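**Student:** The lines below spell out each chain.
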Amino acid sequence: MKVGLVCPYSWDVPGGVQQHIRGLAEALADLGHEVSVISPADDDAALPAYVVPAGRAVPVPYNGSVARLAFGFLSASRVRRWVKEGDFDVLHVHEPTAPSLSLLACWVADGPIVATVHTAIPRSRALHAAQPILASALEKISGRIAVSEAARTTLVEHLGGDAVLIPNGVAVRQFEQADPLPGWPGEGGTLGFLGRLDEPRKGLPVLLRAFEIMAASRPGLRLLIAGRGDLPEILARVPEALRPRVVLLGQVSDEDKARVLHSVDVFCAPNLGGESFGIVLAEAMAAGAPIVASDLDAFRRVLRGGRAGELFETGSAEDLAAAAGRLLDEPARRARLSAAAAAAVRDYDWPVVAKDVVQVYEAVVPTAGRVAVAL
Amino acid sequence: MNTVIVLVIGIAVIAFFGVYVSWRAGRLDRLHARLETARAALDAALVRRSSVALEFASSGLLDPATSVLLAGAAHDARSAQDSRELPESDLTRALRAAFGQPDFRALLAGQEGAEELLAELEGAAHQVFLARKFYNGAVAATRAARSRWLARVLRLAGNAELPEFFEIDDSLVSAGENGQAADMPHLTG
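The listed protein sequences correspond, in order, to chains A and B.
Heads up: take any position in the first sequence, counting from 1, add 126, and you land on this note's numbering.
Heads up: take any position in the second sequence, counting from 1, add 9, and you land on this note's numbering.
Hint data in this document are derived by calculation from the structure and do not stem from the laboratory.
Computed from a predicted structure; not experimentally measured.
Hints should not be assumed to be uniformly reliable.
To give a feel for the contact side, a few chain B residues facing chain A, derived at Cβ under 10 Å [said to hold, decoys possible]:
id: 1; residue: Leu71
id: 2; residue: Thr75
id: 3; residue: Ala82
id: 4; residue: Gln90
id: 5; residue: Arg93
id: 6; residue: Arg105
id: 7; residue: Ala107
id: 8; residue: Pro111
id: 9; residue: Ala118
id: 10; residue: Gly122
id: 11; residue: Ala123
All residues carry an ideal CB built from backbone N, CA and C; glycine is no exception.
Take the sequences, apply the hints, and build the full model.
**Tutor:** What follows is the structure, given as structure tokens:
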């Protein structure tokens with residue numbers, strides 16, 4: 127099948143949507159499909175062979191922050207040319223409500239169009255104001271995919287109609303094998319955390335409190351933290367005596383992310399909610415890290431009800447300390463959880479997820495003809 | 010005899026002081042009135058700008074991505090209650106991004122109603138620029154008058170709140186392109 131994927135955000139800026147499209151494109155190619163991706167990017171940027179640049183993205187205020195988007199007639203005509211020359215069987219746009227290439231693709235193309243909604247946008251009045259404009263372009267979408275229950279709710283509220291739930295894929299291969307960072311995990315045991323430090327819902331404060339509780343009786347225990355945020359401010363929340371035992375790496379690359387996950391004895395996901403799927407959790411599973419996670423519905427599902435990772439009462443530092451302590455004391459149990467996690471995460475491996483996506487393509491292609499230029 | 014002279018001079022001084030204070034209070038009152046008028050004019054200009062931006066967004070003249078961007082920004086600006094400066098600046102930036110597209114005018118030229126809408130939007134943006142300048146002028150004058158010791162000691166301004174400057178980015182031309190940007194929010198194209 128000839129598939130055209132549309133990415134709304136700058137290819138060279140790290141982001142969940144871009145990562146998803148990269149994973150999907152490569153998995154589709156591995157399945158024998160012909161894939162082309164159009165994305166905002168500089169014409170001279172170093173891009174994979176399957177990415178076609180649609181020109182530089184412009185930073186504009188959108189949804190309360192500044193996003194780099196591609197819009198306007200020039201971008202539209204580049205998308206039109208790409209659609210025309212691509213001669214696709216199916217067009218797969220991502221995040222179609224964002225004012226960027228995906229929306230433009232819906233505007234300029236006719237035929238089988240599939241859309242994936244990634245983010246859960248709280249019912250936004252600004253989006254409501256744009257509803258009539260969106261409606262005419264979005265009516266053309268014949269198959270809808272949501273990556274999470276929350277995204278699906280957003281889609282139903284804003285666009286009406288239902289969507290198929292296909293979770294984010296994980297590049298299991300990327301995480302399976304990696305060397306631990308030098309000196310880790312060490313003798314006294316290491317707890318790990320990965321994620322935005324200043325995002326309260328990621329629950330870092332719960333882990334810091336749990337670490338304080340545990341550190342009293344475990345003199346060698348250390349805490350390894352990777353993620354974007356105000357590092358000195360985070361460190362200031364730890365009692366002074368414990369600070370040498372807390373290591374903050376800041377933001378890390380994908381390769382280092384895998385290494386961090388291989389550097390810990392217990393990976394902690396103390397999220398307080400809002401996490402629709404927990405891509406970080408799935409990555410930790412792929413790396414085979416023993417996991418202690420909040421007892422959220424989504425986490426419980428991914429961790430097979432506790433068989434692929436220990437669950438603790440959401441928000442309770444005491445319960446987290448107890449669960450992590452039990453794991454540190456029982457290497458055999460850690461090994462069992464690690465193996466179960468590595469097996470369970472196979473369901474979210476890109477080749478598996480991509481097959482589900484192809485089924486959606488197959489459902490819309492026979493009825494909607496070929497992708498063609500509309501205007 | 011001496012006491013009578015002292016008394017007369019004393020009464021004259023007090024009377025003169027009273028007249029002076031009342032004159033100062035009247036001046037402050039006039040300044041506050043001017044401030045209110047300027048504020049009303051600024052509000053009206055901002056509302057008009059966001060309305061025209063919204064009309065432009067839903068005119069069908071633009072591509073849907075630009076339309077959604079403008080509609081969202083215009084809506085946020087119009088519905089902001091307390092902290093209006095950020096959403097209004099965001100609307101300016103969204104307008105600038107839309108107008109800054111290569112050949113924007115050439116592509117719109119010839120479409121029905123495009124010229125009129127563009128002119129109206131630019132006019133509205135220029136009105137915001139002017140109204141804000143006058144409002145901030147009134148704020149500066151009022152704040153200066155109120156900071157004098159007599160006004161402070163005798164509380165001549167009564168309970169009126171100290172006015173705040175209204176600081177937004179309101180130039181449709183980005184500063185780098187044109188040295189006159191601050192005074193010429195019109196597009197040059």
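**Student:** Quick one: which hint numbers does this structure break? Sort them smallest to largest.
**Tutor:** 4, 5, 9, 10, 11
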